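Chain B: place on chain A using the hints.
Same order as they appear, the protein sequences are chains A and B. Under numbering that gives the first Met the number 0, the first residue of the first sequence carries the number 0, and numbering increases by one thereafter. Under numbering that gives the first Met the number 0, the first residue of the second sequence carries the number 0, and numbering increases by one thereafter.
If you are wondering where the hints come from, they were derived from the structure by calculation, not from laboratory data. Among the clues, some could well be false.
Each pair of labels, with its calculated beta carbon distance range [as the list claims (entries may be wrong)]: (1) Glu451(B) with Pro144(A): 34 to 44 Å; (2) Phe147(B) with Gly82(A): 23 to 33 Å; (3) Pro407(B) with Cys61(A): 49 to 59 Å; (4) Cys61(A) with Arg207(B): 31 to 41 Å; (5) Arg155(A) with Glu451(B): 23 to 33 Å; (6) Trp72(A) with Lys439(B): 46 to 56 Å; (7) Ser165(B) with Tyr110(A): 43 to 53 Å; (8) Thr48(A) with Lys44(B): 27 to 37 Å; (9) Ala48(B) with Ile114(A): 19 to 29 Å; (10) Ala85(A) with Leu58(B): 41 to 51 Å; (11) Leu53(A) with Ser365(B): 16 to 26 Å; (12) Pro79(B) with Gly82(A): 57 to 67 Å; (13) Arg155(A) with Gly51(B): 16 to 26 Å; (14) Arg157(B) with Cys61(A): 24 to 34 Å.
All of these numbers come straight from a predicted model, not from anything done at the bench. Note that CB positions come from ideal geometry on N, CA and C, so glycine has one too.
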Amino acid sequence: MTRGLIAAYSELDALVDAIEALKQRKFSKFTVYTPTPRHEIEHALKPPTSKIRLFTLIGGLCGVTFGYWIAIWTSDYWPLVVGGKAIASWIPYTIIGFEVMVLVGALSTVYGMFILSRVPKITQTIGFDPRFTGASFGIYVEAEPERLKEAEATLREAGAVEVKNER
Amino acid sequence: MATLAEPIRPGAGRPNVASANIQLPGVESYEQVDREIAGTLAPTKGWFALLGISILFFLWGAGAWVYQIYWGLGNAGYNPPVMWGVYIITFVFWIGIGHAGTLISAILYLFRAGFRTTIYRCAEAMTVFAVMTAGLFPIIHIGRPWKFFWLVPYPNWRLVWPNFKSPLIWDVFAISTYLTVSATFLYVGLIPDIAVLRDRETNPLRKRLLAVLSLGWRNSEPEWRHFARMYLFLAAFSTPLVLSVHSVVSFDFAMALAPGWHTTIFPPYFVAGAIFSGIGMVFTIIIPIRKFFRLQHIVTINHLDAAAKLALATSLIVGCAYLIEFWVAWYSANEFEQAYFWNRVFGQWWWAAWIMLSCNMIFPLSLFSQRLRRNPTWLFILSILINLGMWFERFVIIVPSLSHEFEPWQWSGYVPSWVDISILAGSFGWFFMWFLLFIKNLPVIAIAEVKEIVPPRLRTHAPVADIDVTGHHVDYSPETPGERE
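Chain A extracted, bound-state conformation:
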């Protein structure tokens, strides 16, 4: 059974120190909260690059394929022959292809963000404190019960304003 601790920090460098101390002491399950994205946190956590680009690529390719396809297929299905000109003309259809690519690509990017960030969330009460959307930085650490004391000491040493038990 794991238990959690929530720590609030009012200073950015304290938070960065806490992240580094937790990593040093091999606490692997923790979530960092920040009112605004900061490069300092990114440098401390060294997270992997987001996989959102896959959603963007696949969405964009599906969109452009559908855009060209609907225009070409419908012109072919009911041909309007004018002066021997091409029935399916790729130049004007590029506009349709482009617009549908942007539409589907953008929507699938947002969908990807929802999937990867796990929003919408029905409940947000576990491991979260409302002040993290205000001015405070925060960390939620999950650990085995026997390591909770060590985790609390680590969080406090780095300069936590408050550490509280969760669950």
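Relative to chain A, chain B alone:
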């Protein structure tokens, strides 16, 4: 700052602040950001009065539209062959207004132009409402609005599909994509800010509503990481999108053979004009907002200065396009083209053409003066002139061409009817109604992004580091002139 310009000492001559890196020394903490921006949400008497006026205008326009639907399109001032009038002019006008928002939120984001931070939310909301307004006009213009769905490709029992070679179908695709993507961009940008409001809210009903709207956003690092990546890709999609939309609108004209329309300069000319008019509308909106909400230390003079430079640049492009049109008419030796341009400036429509030329090409030259760029009163007056000038630009493009085509027997005049004018006025009511509702329900300045440029609180008293345009940390020298009013 260090990479773009020398650091500025207070009082050392004229300030030349790098637009990429405008700081907010008047904002000291994250609490202050939350408090001051959330403070704009309290309704005031002035807001109710403005909302009431907007709704009255909207009802006036809606009434005129109902009248036109009942009695027919003959009540609009169309006079053959001038079968495009105020509705198409106003359609292009509002689409143009809708371009600045995505320019500021997407293109300037990719270019790391720091001055966008405090004005982009306002511009983005303006974009969504302007495109919503614009989208109504083709529907009003077709006279039988209930047949609008024929433009959409849907499977039907007659197996009839729209003609994908028609610019009007391109318009449907471009504008519906633009509305969807810009509304999505606005909403996802709002999610972290709605979470801030949710956690400050005390009224349980409003809190529940904000919790649903914020999708349970918690400001965790993984959320931000995916969010930032998503924002980057949305910006990368929106950048060519915004350029394509007004290019497609310009094809409505450029694909036709009418004199003055059939020209390859139209797409860049329209895009520059659209961005120019949009920035004009941003000034019209943001200058009263910063004054009434006392946010002069958040939307600083330096932000206005940087945006005014953008207005000046686009005005120069538009002015250049106006002059090139005359040159092309002369150089082509095409007498229809030449007669049309003469008629535009010295003939039947001289007054409209000179309103356009003076408001869009001549008055904005005043922005070469830094003193005027840093004068909000002048910027506000100029923004009204730009709005007027850009409406008349579309008038000058549409009406003189249709009223002065190839044969003299085709020539005619055009006078808008009261229905046209009412629907035009109603569109402003509709736009400002949505905008006023927006500014009292959601933050009009991006809370999370303003926090990004506010130095975070630190334990050590080391000099506050700041991130420059290349992503490197540099020392920030406070008190650049213009940051506090």
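Consistency of the hints with the structure:
Separated by about 38 Å at the C-beta atoms, glutamate 451(B) and proline 144(A) satisfy the suggested range of 34 to 44 Å. Distance hint check: the CB atoms of phenylalanine 147(B) and glycine 82(A) are about 30 Å apart, consistent with the given range 23 to 33 Å. A hinted range of 49 to 59 Å holds for the C-beta pair proline 407(B) and cysteine 61(A), which are about 53 Å apart. Range check, cysteine 61(A) to arginine 207(B): about 36 Å between beta-carbon atoms, so the 31 to 41 Å window is met.
Between arginine 155(A) and glutamate 451(B) the CB atoms are about 28 Å apart, so this pair conforms to the stated range of 23 to 33 Å. Against the hinted window of 46 to 56 Å, the Cβ-Cβ separation of tryptophan 72(A) and lysine 439(B) comes to about 48 Å, which satisfies the hint. A beta carbon spacing of about 31 Å between serine 165(B) and tyrosine 110(A) contradicts the range 43 to 53 Å that was offered as a hint. Restraint check, threonine 48(A) to lysine 44(B): a C-beta distance of roughly 51 Å breaks the suggested window 27 to 37 Å.
Range check, alanine 48(B) to isoleucine 114(A): Cβ separation about 45 Å, and the 19 to 29 Å hint is violated. The hinted range of 41 to 51 Å is satisfied by alanine 85(A) and leucine 58(B), whose Cβ atoms lie roughly 50 Å apart. For the hinted restraint 16 to 26 Å between leucine 53(A) and serine 365(B), the CB-CB distance of approximately 50 Å leaves it violated. Here the CB-CB span from proline 79(B) to glycine 82(A) is close to 28 Å, at odds with the stated 57 to 67 Å.
Between arginine 155(A) and glycine 51(B), the C-beta spacing of about 56 Å breaks the proposed range 16 to 26 Å. For arginine 157(B) paired with cysteine 61(A), a C-beta distance near 28 Å keeps the hint of 24 to 34 Å intact.
Consistency with the previously given hints fails for numbers 7, 8, 9, 11, 12 and 13, ordered from lowest to highest.
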